[in-house]
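*Asks:* Okay, here's what each chain looks like letter by letter:
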Amino acid sequence: MGGYGDVELITKDGKRLDGRLADELRDITFEVGVLPAARGSCRMTWGLNIAEVAVYGPMEAHPRKIQRPDRAVLDVRYNMAPFSTTDRIRPGFNRRSREISKVTAEALESIVMVEMFPRSKIRVEIEILCAEAGTRCCGITAAAVALADAGIPMKDMLVSVAAGKINDVVVLDLDKAEDNYGQADLPVGIMPNTEELAFLQMDGDLSPDEFNLAMEYNMKAAKEIHKLQIEALKSKYNGGSE
Amino acid sequence: MNEVYSGAPERLVIPGDTIEEGSDFTAGSGVIKIENKLIATQLGHVKENNGTVYLQACNSAYMPRSGDLVIGFVTSMRGNLWLFDIGGPFEALLPMSLSPWNTQYGDLEEHMGVGDYALIRVQEVDSQHGVVCTMKGIGLRKITTGVVESIGSNSIKLFVGSEGKNLQKLKENSGCRITVADNGKIWIEGEDKGISAVRDVSLDFSNSNTPYPNKNLKKIFENKMEGL
Chain U
20 MGGYGDVELI
30 TKDGKRLDGR
40 LADELRDITF
50 EVGVLPAARG
60 SCRMTWGLNI
70 AEVAVYGPME
80 AHPRKIQRPD
90 RAVLDVRYNM
100 APFSTTDRIR
110 PGFNRRSREI
120 SKVTAEALES
130 IVMVEMFPRS
140 KIRVEIEILC
150 AEAGTRCCGI
160 TAAAVALADA
170 GIPMKDMLVS
180 VAAGKINDVV
190 VLDLDKAEDN
200 YGQADLPVGI
210 MPNTEELAFL
220 QMDGDLSPDE
230 FNLAMEYNMK
240 AAKEIHKLQI
250 EALKSKYNGG
260 SE
Chain Z
10 MNEVYSGAPE
20 RLVIPGDTIE
30 EGSDFTAGSG
40 VIKIENKLIA
50 TQLGHVKENN
60 GTVYLQACNS
70 AYMPRSGDLV
80 IGFVTSMRGN
90 LWLFDIGGPF
100 EALLPMSLSP
110 WNTQYGDLEE
120 HMGVGDYALI
130 RVQEVDSQHG
140 VVCTMKGIGL
150 RKITTGVVES
160 IGSNSIKLFV
170 GSEGKNLQKL
180 KENSGCRITV
190 ADNGKIWIEG
200 EDKGISAVRD
210 VSLDFSNSNT
220 PYPNKNLKKI
230 FENKMEGL
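Just so you know, the sequences run in chain order U and Z. Just so you know, the first sequence maps onto residues 20 to 261 in this note's numbering. Just so you know, the second sequence maps onto residues 10 to 237 in this note's numbering.
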C-alpha cells in the first residue's frame, strides 16, 4: 500500500489497468479434491494467484499443551512458495506468514464447529504457489472449500474478499499494481448465508462513505464467490448417493 | 430403512445451506436448527427418518462409539496402557487390565510395541471423548498375519452390501478371511493371490479422493464384484 497518488491506475472512463470496472472481480476457479493424501483439498486460482489448501484431521492434538478440553484447535499454516513471486522468497515462516496464519485460523474458527472435537486438532495447510495481491483472501476462501470437502462440520461457508481505494476511487479486488500503489485495502471474511463478518482488516484510510461502498462491493462479491464454491463442491460430489 | 425425504428428490447440500424452513422436523446428524431453520453443517445428502432430518455426509471423520469393533495401531505406550490410533479425532487407550495378557507394569512391550496392529473393541467413550478399548472378547487380538487396508468408514455399507452379500462373495471368491472394522479398516488374511484379489477391490476406496457416496465409485465397485 504505497499510496502514490500520481500513479494512474484507473482511466477516465472508469476502467482499471486490466480492463475491469470498479466493482468487478478477477477470474476465479476452484478445483476440489486435488491432493489425494489429504482428507479435503482445494486448488483455487484468483486472477494470477494460485493457492492449494490441504485439510487433515480432526486428529489428536500434539504437543498436548495445545489441546483444549472443550474444543478443537485449528492449526493453520499459510506459506508462500519461494517461486511464488518474482523476487525469490526465503523459505520458511516469517512475520507476515505468521500473521496471516493467525488471522486465517481465527476467521475459520468462527465457522468450524470446533466444540464437536474437544482435545483434537484440525490441520489446514495453505500453500501459495503464485502470488499477485490478495493471497490471504484466496487462501481463506480456498480453505473453507477444503474444510467442506473434508467433511468438517461448519455453520456456514466463508468467503474472503478485499476492496480498496485507488486514485480516490473505491474498487473491488485489487491486483498487484493497485495493491502496491493504491491508497487503501479492506480485506474481509464474510459468511455468505448469514452475512456475518468473520474478520476485517484495513490498511490505509477510507472515509465512512468509502468504507460503506467498499463493504457493499465486498458483500456483493462474496455472494458471487459463494456460488462458485457451491458449484465446485457439488460438481465433485454430483454423482449422488446410493 | 425409511430414508425418503418428504417424497422430494434427494439433494446435495453444503455447509450453511437452509434445508427446511418453518417445519416440524427435528435436526439430526449434520443438521442444526437456528430460528426454525434447518441448516446443513456438512457436505452431504439430505435424508429423513421418522421426522428427523439428517445428512449422509459425503466425507466425514470416524467418530468412535461404544461397542465399535476397530482396527488400530499402537502409537505410544505408558507404564500400564497402550495408546492406539484408530483413525478418529482422539487416540484410544487400551489399559493393561483390558488386555488378554497377564502383563506386569512396565512390561507392555513384551506383548505389543509401537506400530503393531490390533483388533480391539471400543468399551467406553466418555464426555471428554476419551476412548477406552478392550482386547478381551471373542476374536479380539493382536494382528500378526495378513494385511490391513483402509476403505473409509463411509464406505462400509457399500463394501459389506445388503445382508453382507458383497462381503460373503469376496470371501468365497478370494478364500480369505476378511474382518471389516467400524473405523473403515479391513483385515485380510489368507493366500497371497486371494489377498491381491481383495486389495484390488478395496484399493478403489482408499485411492479415491471422492469418497462414497459417489455414483462412479459405486459403479466401479459393482463392476468388479460382478467380474469376480
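These are calculated hints, taken from the structure and not from any lab test. Every residue gets a Cβ at the ideal spot worked out from N, C-alpha and C, and that includes glycine. Each hint should be verified, as a subset may be incorrect.
[What the hints assert, rightly or not] Using C-beta positions, here's what the derived DEER-type ranges look like:
hint, chain 1, residue 1, chain 2, residue 2, range
1, U, I85, Z, G88, 20 to 28 Å
2, Z, E231, U, R109, 32 to 40 Å
3, U, E215, Z, T153, 49 to 57 Å
4, Z, W110, U, M132, 48 to 56 Å
[Said to hold, decoys possible] Below, simulated BS3-like cross-link-like pairs (lysine-lysine); rule was C-alpha separation at most 25 Å, straight line:
hint, chain 1, residue 1, chain 2, residue 2
5, Z, K42, U, K242
6, U, K121, U, K195
7, U, K34, U, K84
8, Z, K46, U, K253
9, Z, K166, U, K253
10, U, K242, U, K253
11, Z, K178, Z, K233
12, U, K242, Z, K46
13, Z, K178, Z, K145
14, U, K246, Z, K151
15, Z, K202, U, K239
16, U, K174, Z, K42
17, U, K195, U, K84
18, Z, K228, U, K253
19, U, K242, U, K195
20, U, K246, U, K174
21, U, K242, U, K34
22, Z, K224, U, K253
23, Z, K42, U, K246
24, U, K195, U, K140
25, Z, K178, Z, K228
26, Z, K180, Z, K151
27, Z, K227, Z, K166
28, U, K140, U, K34
29, U, K174, Z, K46
30, Z, K42, U, K253
31, Z, K233, Z, K166
32, Z, K224, Z, K151
33, U, K121, U, K174
34, Z, K178, U, K253
35, U, K195, U, K34
36, Z, K174, Z, K233
37, Z, K227, Z, K151
38, Z, K166, Z, K178
39, Z, K178, Z, K202
40, U, K246, Z, K224
*Asks:* Would you pick out the hints that fail for this structure and give their numbers low to high?
*Replies:* Hints 2, 4, 7, 13, 14, 15, 17, 24, 28, 32, 34, 37 are the ones this structure does not satisfy, whereas the remaining hints hold.
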